[in-house]
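Peer 1: The primary structure of each chain is shown beneath.
Protein chains: 2
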Amino acid sequence: MPERIYNFSPGPGTMPQEVLAQAAKDIVNFNDKGIGLIEMSHRSKEFMAVTDEAESLLRELLDIPANYKVLFMQGGASSQFAFVPMNLLAPGQTATYLNTGVWAKKAIKEAELFGDIKVAYSSADSTYNHVPKDSDYTVDPASEFLYLVSNNTIYGTQFHEFPKTDKMLVCDMSSDILSRPLDISRFGIIFAGAQKNMGPAGVTIAIVREDLLNRAPATVPTMFRYKTHADKGSMFNTPPCFGIYCVGLVLKWLKKQGGVKGMEKLNQEKAALLYAAIDSSEFYRGHAQVDSRSPMNVTFNLPTPELEAQFVKEATTVGLDGLKGHRSVGGCRASIYNAFPKQGVIDLVAFMQEFEKKNS
Amino acid sequence: MPERIYNFSPGPGTMPQEVLAQAAKDIVNFNDKGIGLIEMSHRSKEFMAVTDEAESLLRELLDIPANYKVLFMQGGASSQFAFVPMNLLAPGQTATYLNTGVWAKKAIKEAELFGDIKVAYSSADSTYNHVPKDSDYTVDPASEFLYLVSNNTIYGTQFHEFPKTDKMLVCDMSSDILSRPLDISRFGIIFAGAQKNMGPAGVTIAIVREDLLNRAPATVPTMFRYKTHADKGSMFNTPPCFGIYCVGLVLKWLKKQGGVKGMEKLNQEKAALLYAAIDSSEFYRGHAQVDSRSPMNVTFNLPTPELEAQFVKEATTVGLDGLKGHRSVGGCRASIYNAFPKQGVIDLVAFMQEFEKKNS
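Chains as they are written, first to last, in numbering that gives the first Met the number 0: chain F, 0 to 359; chain C, 0 to 359.
The shape of chain F in the complex, shown without the other chains (with noise of 0.2 Å):
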């Protein structure tokens, strides 16, 4: 086993080593203060830094415009498949969501506690193996938003363009946020876990316009209200401290790789070298469609479910971890995130090309 392996989860996934190696030192001493990180008053001047210095880098790499609230939330994205609705929805407004996966189904399953939804397009025949076109589907005009996935995760596909439409756009960029530059202005809501492209699990981003912080039915618990975060600087509770520090470091570790237009090339390159390998291969089968293809989680198949096995097993023992498929899926799945290394993926191409020499 190597000193480091290469992780390809889809999540939690890898995170830059010097951002790991500056958080074993915060934990024990903060900046030599005599306390660790996590023992901080998050309402001390020096943890309150620690978030703002976080919400500024975010705001400076994603270019977020003044009149959007960023929000250090709990509970993952899943939490906010209801936010969303609960907050946006009054009782029989209308909504539109396209269904590109299991994480869009579930969004969709508890929009329509609170709406009335329309499911516009689904990709569930072909086992989500792309996304739509514009002229793939129609955005209900009495539609308060749409919503989309912009990368599936499971089925390793992107929208490379967003939907045009004059519908403000919600959406859950859990696994490629921070990928590529972005037009915030087209958005009422960004939602993203941190644990693939950001940091660690527990904080969940929401980037959220502020002309939407009051709609909320009065029926609505604080705490799942957007505006009560909003008004209290994601301090209206005990936010989670570590993961907000962590997503801190992350972005200053991007900032120095050039930022999101950083990210985005170098993301082009490894998935490029993988896809490559994939079409370079009859053994080798990827599971996307070519224009909905993910530069953020590669899947592909082999001739049988026994050499997927053999293969996955195999990478493991020298240190490519983490290549299983998800089980809705099958097969193998390489996620490549902003902080993995290139190096990684030129390995596992080598193995691939290996492994199919031995075994085709």
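Calculated directly from the structure, the hints in this document are not laboratory data. Here the structure is a predicted model, which means the values were calculated and not measured. Please note: incorrect hints may appear among the correct ones.
[Stated by the list, open to error] Capping the alpha-carbon separation at 30 Å, the derived lysine-lysine pairs in DSBU-like fashion look like this:
hint: 1; chain 1: C; residue 1: Lys226; chain 2: F; residue 2: Lys32
hint: 2; chain 1: C; residue 1: Lys24; chain 2: F; residue 2: Lys32
hint: 3; chain 1: F; residue 1: Lys108; chain 2: C; residue 2: Lys231
hint: 4; chain 1: C; residue 1: Lys105; chain 2: F; residue 2: Lys32
hint: 5; chain 1: F; residue 1: Lys117; chain 2: C; residue 2: Lys251
[Unchecked claim] Label pairs and their computed distance ranges (CB to CB):
hint: 6; chain 1: F; residue 1: Ala275; chain 2: C; residue 2: Lys254; range: 48 to 58 Å
hint: 7; chain 1: F; residue 1: Glu2; chain 2: C; residue 2: His159; range: 46 to 56 Å
hint: 8; chain 1: C; residue 1: Ala48; chain 2: F; residue 2: Ser359; range: 32 to 42 Å
hint: 9; chain 1: F; residue 1: Glu209; chain 2: C; residue 2: Pro302; range: 26 to 36 Å
hint: 10; chain 1: C; residue 1: Lys163; chain 2: F; residue 2: Ala65; range: 35 to 45 Å
hint: 11; chain 1: C; residue 1: Asp165; chain 2: F; residue 2: Asp230; range: 51 to 61 Å
hint: 12; chain 1: C; residue 1: Asn66; chain 2: F; residue 2: Gln16; range: 42 to 52 Å
hint: 13; chain 1: C; residue 1: Thr316; chain 2: F; residue 2: Ala48; range: 36 to 46 Å
hint: 14; chain 1: F; residue 1: Asp51; chain 2: C; residue 2: Lys44; range: 32 to 42 Å
Ideal Cβ positions, reconstructed from N, Cα and C, are used throughout, including at glycine.
Assemble chain C onto chain F, guided by the hints.
Peer 2: For chain C alone, kept in the frame of chain F given last:
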């Protein structure tokens, strides 16, 4: 500044130093597996073992009966203020609450969204300086449960005995869980944010009697149902992995200290030292009534607000940190949770005596 300060913060609170040291190691390389703890899939064998161990230690230390589920959740105790009535009260059903401080009051506000809430007692008029005796109030006979906050962090009060009633108890134990033995069978639900007595911010523990899991009305979103989390062993979605891991380490440490009985003895010793210092002086005045005094949070005043500010400031310079009282009570507060070392209390008492000599 000493190498490690004494951290009297009310939460996030001080943690055992050996827990911090272990976490620092595992964050970079968990069990020498070449992968950091916070990068590992929550569904990996290794992380499942972490969660299982944390749960089984909690069961052992609190002697939790088999018909209770232990859930690792997110959102803090503040989210539980809504979870409890959402899961336990159908429209028109009744519950009785005891208003012993800000956190009880906030819980009452959320409960009123879901049921008919009777506030049987309030100590608001005396700045919450005590908790009621059983004879001070009546539980509405139609109540589904009696809700209380076992320890009131801000005011330094604690229920030394839990109410005797034929109703099940629902209890917010955020600031004194694991500080003393409990008869769990008297409770329907116990919940607690981890960041005072169990670990870092970002994980909330709920102990829920199994027969209560099916009571949530169909209108409650998936993520806000206890059953969702119970059915999937707290892995319905990505849990707050780092928090769960740290709770496990704290529980291991706690077991070595003699478990909750060992903790109770130590906590009583620490609190006795501090209350004796207050009672033996005319300079310091305790905020809480003597028979409601908390062994976790010791609140006291000095002759003037100016002296209080000076006290807090001078204490900080000698490494006694976080002694400022909550703005709603003023004065000083020493939070001396499980992990707070006895030597820190001894040092504080010495500092108090010296400060009194110089300033009275």
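Peer 1: State, for the Cβ atoms of Ala275 of chain F and Lys254 of chain C, whether the hinted interval 48 to 58 Å holds or is violated.
Peer 2: holds (54 Å)
Peer 1: Does the Cβ-Cβ separation between Asn66 of chain C and Gln16 of chain F fall within 42 to 52 Å?
Peer 2: At roughly 45 Å between Cβ atoms, Gln16 of chain F and Asn66 of chain C fall inside 42 to 52 Å, so the hint holds.
Peer 1: Just to be careful, I want the Cα atoms of Lys105 of chain C and Lys32 of chain F compared with a cutoff of 30 Å; is the pair within it?
Peer 2: violated (34 Å)
Peer 1: For Asp165 of chain C and Asp230 of chain F, compare the CB-CB distance with the range 51 to 61 Å and indicate the outcome.
Peer 2: violated (41 Å)
Peer 1: Is Lys117 of chain F within 30 Å of Lys251 of chain C, Cα to Cα?
Peer 2: violated (50 Å)
Peer 1: Taking the beta carbons of Asp51 of chain F and Lys44 of chain C, is their distance inside 32 to 42 Å?
Peer 2: At 39 Å between Cβs, range holds.
Peer 1: Please work out if Lys24 of chain C and Lys32 of chain F have their alpha carbons no farther apart than 30 Å.
Peer 2: Distance ~20 Å between Lys24 of chain C and Lys32 of chain F Cα, so the pair holds.
Peer 1: Would you check the hint for Lys108 of chain F and Lys231 of chain C, treating anything up to 30 Å between C-alpha atoms as holding?
Peer 2: holds (18 Å)
Peer 1: Taking 46 to 56 Å as the stated bounds, is the beta-carbon spacing between Glu2 of chain F and His159 of chain C within them?
Peer 2: holds (53 Å)
Peer 1: Go ahead and decide if the range 35 to 45 Å is satisfied by the Cβ distance of Lys163 of chain C to Ala65 of chain F.
Peer 2: With Cβ atoms ~56 Å apart, the hint is violated.
Peer 1: Kindly confirm whether 36 to 46 Å is satisfied by the beta carbon distance between Thr316 of chain C and Ala48 of chain F.
Peer 2: violated (21 Å)
Peer 1: Is the straight-line distance between the alpha-carbon of Lys226 of chain C and that of Lys32 of chain F 30 Å or less?
Peer 2: Not satisfied, since the Cα-Cα distance of roughly 42 Å exceeds 30 Å.
Consistency note: the structure conflicts with the earlier hints numbered 1, 4, 5, 9, 10, 11 and 13.
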